[in-house]
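Peer 1: Each chain is listed here by its residues.
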Amino acid sequence: TQLLEQSPQFLSIQEGENLTVYCNSSSVFSSLQWYRQEPGEGPVLLVTVVTGGEVKKLKRLTFQFGDARKDSSLHITAAQPGDTGLYLCGGYNKLIFGAGTRLAVHP
Amino acid sequence: GAVVSQHPSWVICKSGTSVKIECRSLDFQATTMFWYRQFPKQSLMLMATSNEGSKATYEQGVEKDKFLINHASLTLSTLTVTSAHPEDSSFYICSARVVQKDNEQFFGPGTRLTVL
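Residue numbers (the numbering used here), protein chains in the order written: chain E, -8 to 98; chain B, 23 to 138.
Chain B with its partners taken away, still in its complex shape:
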């Protein structure tokens, strides 16, 4: 149980375009999901907390207008990178919190975004 999927697993896009990444909890409902970004050989940096049915809470320094988060259902959160630039190239990972399992978080496999 507690499987989280992400789609796509990798994406290459041109500078200036927008990219949407999906995060799904497959066998449980997640009222809270989290989006992280990881640059090569670095740790995970929390970008935002996504709450079902409400606005996401962004960490300091993360542009909410650039990284649009929607959590429309208990099993799906989406991150849209708008007007992507090469510096947005990174590994984006989502996680979902399982209330029934002592608030443990389970991570998706990640999405590698490359902006040309």
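Isolated chain E, as found in the complex:
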């Protein structure tokens, strides 16, 4: 069974701070996706990483896929209150999710 571990599970920070969320597994994934979910809504895809070592940037968000395609990280620079939400990493081969990181950014 493929499992994804996400850390931290909760993060409460002040506006302007930087943060990193980690997603780790003992399994190799063909690709990995990061999602953000607002309460009462479905997850919204942020990025897909496919190649080991790949780095993708989405404005203030930087995503990295580990060389061995077993882990990934999401780094947010200068967090804003609008970044508040549940961040989920999901790994393929069939999409399974980590426990999620609940981020709260306070003004």
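Worth flagging that the hints you see were computed from the coordinates, not collected in a lab.
The structure displayed is predicted, hence computed values, not measured ones.
Beta carbons are placed, not taken as given, at the ideal position from N, Cα and C, and that holds for glycine.
Incorrect hints may appear among the rest.
[Claimed, not checked] Pairs of lysine to aspartate or glutamate residues, derived as DMTMM-like cross-links and limited to a Cα-Cα distance of at most 25 Å, are as follows:
1) K63/B / E8/E
2) K88/B / E44/B
3) K63/B / D110/B
4) K48/E / E6/E
5) K88/B / E109/B
6) K63/B / D74/E
7) K85/E / E74/B
8) K85/E / D49/B
9) K48/E / E8/E
10) K61/E / E44/B
[Unchecked claim] Residues on chain E that point at chain B, a partial pick, calculated with CB under 7 Å:
11) G33
12) P34
13) T39
14) L86
15) I87
16) G91
Chain E is already provided as a structure; the job is to place chain B on it using the hints.
Peer 2: Just chain B now, with coordinates in the frame of chain E:
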């Protein structure tokens, strides 16, 4: 593009009744759809993989006779919660895989089921 809808968005039912949830891909065809369940403040748990024209594949611990899945067309999958009980109350989310977009999955908005 790649919009997935769910209906209803919320439903309240009495214990013992059955509830059907629809998942539609609006602007693309999805040979594979997925059903997830999410309890409050928890992550999404994959329940089953729904393949058009064939039987669904259920994850370990998910009762196939309780959660009936039908994927009769390339744009519609349904999940029926049979003989619902209060412990079935949850947020049910479907997703559809887009082959043309590197197998990315797009999620529906979810259906909140409350069983009284």
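Peer 1: So, for every hint listed, does it hold in this structure?
Peer 2: Now the hints, each set against the structure:
no.: 1; hint: K63/B / E8/E; result: 24 Å, holds
no.: 2; hint: K88/B / E44/B; result: 16 Å, holds
no.: 3; hint: K63/B / D110/B; result: 16 Å, holds
no.: 4; hint: K48/E / E6/E; result: 20 Å, holds
no.: 5; hint: K88/B / E109/B; result: 13 Å, holds
no.: 6; hint: K63/B / D74/E; result: 17 Å, holds
no.: 7; hint: K85/E / E74/B; result: 16 Å, holds
no.: 8; hint: K85/E / D49/B; result: 22 Å, holds
no.: 9; hint: K48/E / E8/E; result: 18 Å, holds
no.: 10; hint: K61/E / E44/B; result: 34 Å, violated
no.: 11; hint: G33; result: 4 Å, holds
no.: 12; hint: P34; result: 5 Å, holds
no.: 13; hint: T39; result: 6 Å, holds
no.: 14; hint: L86; result: 5 Å, holds
no.: 15; hint: I87; result: 6 Å, holds
no.: 16; hint: G91; result: 4 Å, holds
The structure is inconsistent with hint 10 alone, although it conforms to all the rest.
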